[in-house]
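Q: What follows is each chain in one-letter form.
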Amino acid sequence: MNRRRFLAGVGAAAAATTGYGAVRVADVRPYDSGVPAEDLGADPTPRERVLAAVRHLFEADHRSVTRVTVESDWTGAAPYRLTRHRELHEHSRRRHTHVLTTFGNGAVRLDRERDGVDARTISPYATINAYVHFVDATLADPATLPERFVFHVDDGRIAYDRDAPAQAVGDPVTVDGGYAGTAPADDFERPLFGEPVRPHRAPWTEHERADATVTYRLSGADAYARAVPLPFVPVETIHDDAAVRATLDRDSGRLLRVVDDRHLDVDVGVDRRDVRSVRQRLVAEIDRYGDATAPRPDGRYGGSPRGSFLGGPALRDRLVALAHDLGTY
Amino acid sequence: MYRRTVLAAATATLAGCGLAPSPPSTNGYPETPPNAFFEFGWDPDGSAYVVEFARGNRLTADNTGALRVRVADATPDGDAVTTPWVGAVDGVGDDGSGDPRADFPLSPGATLRVPVESPGPVRVVWVAPDADRSRAVGRWRRESQPTATPEGEGS
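Going down the list, the sequences are from chains P and L.
Under this note's numbering, think of the first position of the first sequence as 24, with each following residue one higher.
Under this note's numbering, think of the first position of the second sequence as 248, with each following residue one higher.
Treat the hints as calculated values from the structure; they're not laboratory data.
Computed from a prediction, not measured in an experiment: that's the story for all the values here.
Keep in mind that a hint or two might mislead.
Chain L is faced by these chain P residues, among others (derived, beta-carbon under 8 Å) [stated by the list, open to error]:
1) GLU82
2) ALA149
3) ASN152
The beta-carbon is built from N, C-alpha and C at its ideal position, and this holds for glycine as well.
With the rest of the complex left out, here is chain P (with noise of 0.2 Å):
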């Protein structure tokens, strides 16, 4: 009798343990991140309800396509198209994918060309792994263009491609063959994708309002220094002009679209002492809050077919992973 007692105490502690590891390794973790309006006070100014919806961004579930054009600069080719930023945030499993597409290099392969030219000079990126794909593009030959770069990061891994398949902005994120790759990655649990607007002290005023959103304005140089993120760019003026708009759901507070005319006078030159005035516009899109998933980019890496549990780098990264999770989570 003790015997059998002690037999199926063992058992059940054995599948609760296991049970337990599997939810944690299959990343089950069911949250309502709620909406930003609750988060807010009783008559919040503009700026709190644009930061909260901001700050929303880095807990819920969501998508985010950012589009770049350039509307003006000195080599008389504006406006044109520039980069586009696909974004899938499932925070609720902490995986990330991005899928970053330049289009266009003529300013600065023009320049080069020339005397040289900084290319961090229009990069509209806000992020490292962004930076570098850019500087990739701006630099390579126009006839290649565009340069697409697939990363997606998740517990203790990254997964990228450098010169992934094209792909349209509804399509599932893909990668293929000799440029895709996994690696461990340190720091996976930031979201990588820079923020369209920091938090700030700078007012906004209303805009515009609709049936279901309102839309805030923010303009200035002053203003924009302080909402903006213009981490890689040589800044040596910020004209007046310069504006943000940001359109929230009226309901839940949601962010929905961010429009960022950004009029600059930036150094372009490689002895830091060529001025040059841009305008660019940048228009994001955020949707598919709570239902936007972000799952490792289908497709062939490294020439092995997603990774194989078999050899080669993918089971080494999975074992991080797995280990990672059992020991932190």
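Following the hints, position chain L against chain P.
A: What follows is chain L alone, placed relative to chain P:
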């Protein structure tokens, strides 16, 4: 005996694991470093640079490890001089340049005088709170200032 062993093992196995999985949090916001833009001047009477924090985000201990002004060729021997403006990061920049000249928070409008023997190129360097990265957030050369080129006029 066996039961105690099993219970001890199970306790050790589950130690450190919360009963509920941790949900996503907003602790990562903001992800980008603060913006900081600077204006520069040269005081020939005092043989010093005057650096003004012209606009940007307020710099605090949460978003900034240190802010330094570095002047190259600042001595007749061609040595650089680094002046800590605000903050300090353990084990980084311990070059004997003294204590920071200001305390957190540092807000736009703040100025710093940097006496030097020779007015070489000057840079303002921001260091992250964890000292894991740094970048130049302002640059200036006294002897040759840039001239803006209007849009649409190729050069």
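Q: Where does the structure disagree with the numbered hints, that is, which hint numbers, in rising order?
A: Hint 3 alone not satisfied by this model.
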